[in-house]
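Peer 1: So the chains spell out like this:
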Amino acid sequence: LAKTTQPISMDSYEGQEVNITCSHNNIATNDYITWYQQFPSQGPRFIIQGYKTKVTNEVASLFIPADRKSSTLSLPRVSLSDTAVYYCLVGIMDSNYQLIWGAGTKLIIKP
Amino acid sequence: DAGVTQSPTHLIKTRGQHVTLRCSPISGHKSVSWYQQVLGQGPQFIFQYYEKEERGRGNFPDRFSARQFPNYSSELNVNALLLGDSALYLCASSFARGPGTGELFFGEGSRLTVL
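In order, the protein sequence lines correspond to chains Z and L. Under this note's numbering, the residues of the first sequence are numbered 1 to 111, in order. Under this note's numbering, the residues of the second sequence are numbered 112 to 226, in order.
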């Protein structure tokens with residue numbers, strides 16, 4: 001069954017850099033890799049999207065190796081407000097095309 | 112500018128009933144997609160529509176159907192409700208034609224409870 005895999009939870013401290021990795025073995029050739037953040041009782045919010053190598057915006061970086069079978073979201077200098085669940089989203093080619101969300105990584109930032 | 116709006120925000124139904132959920136996209140967005148999120152799990156893709164045409168469908172039974180109107184708003188219909196349909200139903204809009212590209216803008220969701 002096509003799927004993505006991410007760590008269930010992670011802890012870190014304010015001011016640290018946090019890296020969350022998602023594996024996606026059957027990613028569709030032309031699809032992007034996207035990461036979302038979700039707070040309780042809210043819809044997910046877009047963080048960053050990339051196709052290959054490295055993408056950086058004002059809040060995060062996304063590292064994608066050449067084989068595109070994984071991706072790493074990097075959050076620099078996290079704060080307490082970064083405590084949330086983080087999801088990767090990819091298109092997977094299995095028997096047919098499927099848009100697959102990861103199960104989510106619950107990130108807890110401590111003071 | 113208004114974001115993605117969904118209605119109703121909360122609803123309770125009994126098994127076997129039918130439900131219709133509504134979504135209004137951000138102005139200018141022609142794509143709407145629907146997701147089911149069971150408590151404690153990631154969203155599951157249900158449908159995506161672009162310019163009133165279905166562009167993607169997830170692994171959901173035929174009890175689930177959707178449509179997009181000329182003003183790009185959308186409805187998700189679920190027939191013969193089961194207890195397992197209890198979830199947060201999220202709608203997202205975007206500029207992108209396909210389901211796997213572009214930034215998705217989400218509404219706050221419709222919380223469905225099936226008793």
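Rather than coming from a laboratory, the hints here were simulated on the basis of the structure. There could be a bad hint or two in this list.
Claimed, not checked - Taking lysine-lysine pairs in the DSS-like style, the calculated list, with each CA pair at most 30 Å apart, reads:
hint : chain 1 : residue 1 : chain 2 : residue 2
1    : L       : 163       : Z       : 3
2    : L       : 141       : Z       : 3
3    : L       : 124       : Z       : 54
4    : Z       : 106       : Z       : 54
Unchecked claim - Stretch by stretch, here's where chain Z covers chain L in the computed footprint (C-beta under 8 Å, at least three residues):
hint : stretch
5    : 151-162
6    : 166-179
Beta carbons are placed, not taken as given, at the ideal position from N, Cα and C, and that holds for glycine.
Peer 1: So, for every hint listed, does it hold in this structure?
Peer 2: Going through the hints against the structure:
1. Of the pairs offered as hints, the one joining residue 163 of chain L and residue 3 of chain Z holds, with about 29 Å between alpha carbons and a cut-off of 30 Å not exceeded.
2. For the given pair, residue 141 of chain L sits about 28 Å from residue 3 of chain Z by alpha-carbon distance, which is consistent with the 30 Å threshold.
3. Distance restraint check for residue 124 of chain L and residue 54 of chain Z: the Cα-Cα separation of roughly 46 Å exceeds the 30 Å cut-off, and the hinted pair is therefore not satisfied.
4. Our distance criterion of 30 Å between C-alpha atoms is met by residue 106 of chain Z and residue 54 of chain Z, whose separation comes to about 23 Å.
5. With 6 residues carrying a beta carbon less than 8 Å from a beta carbon of chain Z, the stretch 151-162 of chain L meets the three-residue requirement, and the given coverage holds.
6. Taking a C-beta to C-beta cut-off of 8 Å, the stretch 166-179 of chain L contributes 3 residues in contact with chain Z, enough for the three needed, and the coverage statement holds.
When held up to the earlier numbered hints, the structure conflicts with hint 3 and nothing else.
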